[in-house]
Every structure is written in C-alpha cells, then in structure tokens.
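For the sequence shown, position 130 matches number 1473 in the numbering used here, and the numbering has no gaps at all.
Derived from the structure by calculation, the hints contain no laboratory data. It is possible that some hints are incorrect.
[To be verified] Label-pair restraints from in silico Cβ distances:
id	residue 1	residue 2	range
1	D1553	E1498	36 to 46 Å
2	E1433	N1530	12 to 22 Å
3	G1550	T1429	47 to 57 Å
4	G1514	E1433	17 to 27 Å
5	R1381	E1433	13 to 23 Å
Just so it is clear, the structure is predicted and the values come from calculations on it, not from any experiment. Note that beta-carbon positions come from the ideal geometry of N, C-alpha and C, so glycine has one too.
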Amino acid sequence: MVELHEARSDRDQPRDDGADRSPQVLDLEARLIDRARRGDIQAWSRLYQEHFDRVFRHLHHLTGDRDLAEDLVQETFARAMVSIATFRGESRLSTWLGGIAINIVRGHWRRQKTAANANINLRAIHEIAPPSGPAPEEATLRRTRAEVLYAILRELPESLREVFVLRELEGLSAREVADQLGITEGNVNVRASRARARVRAELERLGWLDPKGSK
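Sequences are here, hints too, so could you generate the full structure?
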C-alpha cells in the first residue's frame, strides 16, 4: 500500500499519548483535570500544552489540511474548556478530546455542504520537505502519494474514512477507535476491513499497487 507514514510531517509523528503513562503522571493529570473543572486557568493551560500535539495530529489526519487543522484545534480546545466540567474520567482525557475533535470535523463538513464541491473538501497534505530532508524528487513523490491517498479517502463514506484514518494513519487500537467514535470494536473492525479493501482497490486501479496475486 502507499506508504502512509510518508504523508506525515515531523509534527505528525506518533508519540506516546498515555497508554504507558506512569501512575504518578496519571495522578498529576487527574489533579489538573480536577483543578480545571473548578476554573483554574493555569491547570487548563497545562492540559492544553500536554495534549495539543496529539489533537492537532488527529485533526490533520482527519482533514488532510494543515491550515484547517490549525483552526479546528483551537475550536476543539475551546469546546473542551467549556465542557471540562462534564468529563467524568470514564476514559482517558486524550480519548475524550479526540471525540470532541471528530465532532468538530463533522460539524465543519456539514456547514460546508452549502458550498460547491464541499462533499470532497478533504485535501492532500502539501508538505515541503525541510532542507535536511529528502531530495526534491523524493519529496515530490511523497506529496504525490499523499495526494493520491487523500483523493481516495475523500470519496469514502464518512464512517469508513474516520475509521481508516484513526487505524491506519494514527495507529490507534480498535478499542481506542471504538471509544472515540462511540461504536463497538466489532464495528470498527468491519469498517476498517471495508475501508482497506476500497482503498486497495482504488490504488490498484490507479496503478499504485499491483493487483493481489500478481507477480
């Protein structure tokens, strides 16, 4: 398959976002959340700084548009700040924020439906390779791969696109995706399988992948 990781910038690279945090770190976050619920702006600022990169990466992958992600990440945290009092700790804060981000993206595309071609508003990631990065030819190939991938993703139904992005681009587990989307793990696996099949079929049709079984 198209090498999905090549569509990511350094800022978008995966990192540990809580799965292996120490009890001390989790306890600190719980105390910060409690303070934020009571209106402590400094506590909220700490939480914002801790989770900003993950939420931005989440939105960047969902939209394929860095500028749009920059706008939506601010909207996500603004909504989260207003709603933090409703966070009950039944999931990790990162999962809760991810769910808000998904709803923000859905709302954005719904609002855009009145504009021409809004239903294909997902755009390719146009990243310029840094000076120390790959040669221009390789950078161009990576951009082209990203363009091809996002052109395919924007044609998928929202339900398949979201699961594909979360599983394949962000590398979340089926349980994490289920928590964020409010569906069962079984549904995640079914949607992921369908999305992969459709993406693969389109990549084969476009000549980016050899058909299965060919040598």
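Cβ distance range 17 to 27 Å for G1514 and E1433, holds or violated:
holds (23 Å)
Could you say whether the range 47 to 57 Å given as a hint is met by the Cβ separation of G1550 and T1429?
At roughly 49 Å between Cβ atoms, T1429 and G1550 fall inside 47 to 57 Å, so the hint holds.
Per the hint of 36 to 46 Å, is the separation of the Cβ atoms of D1553 and E1498 within bounds?
violated (22 Å)
Range agreement (Cβ of E1433 with Cβ of R1381, hint 13 to 23 Å):
holds (19 Å)
Given the hint of 12 to 22 Å, check if E1433 and N1530 actually sit that far apart at their C-beta atoms.
holds (19 Å)
Checked against the numbered hints above, the structure violates only hint 1.
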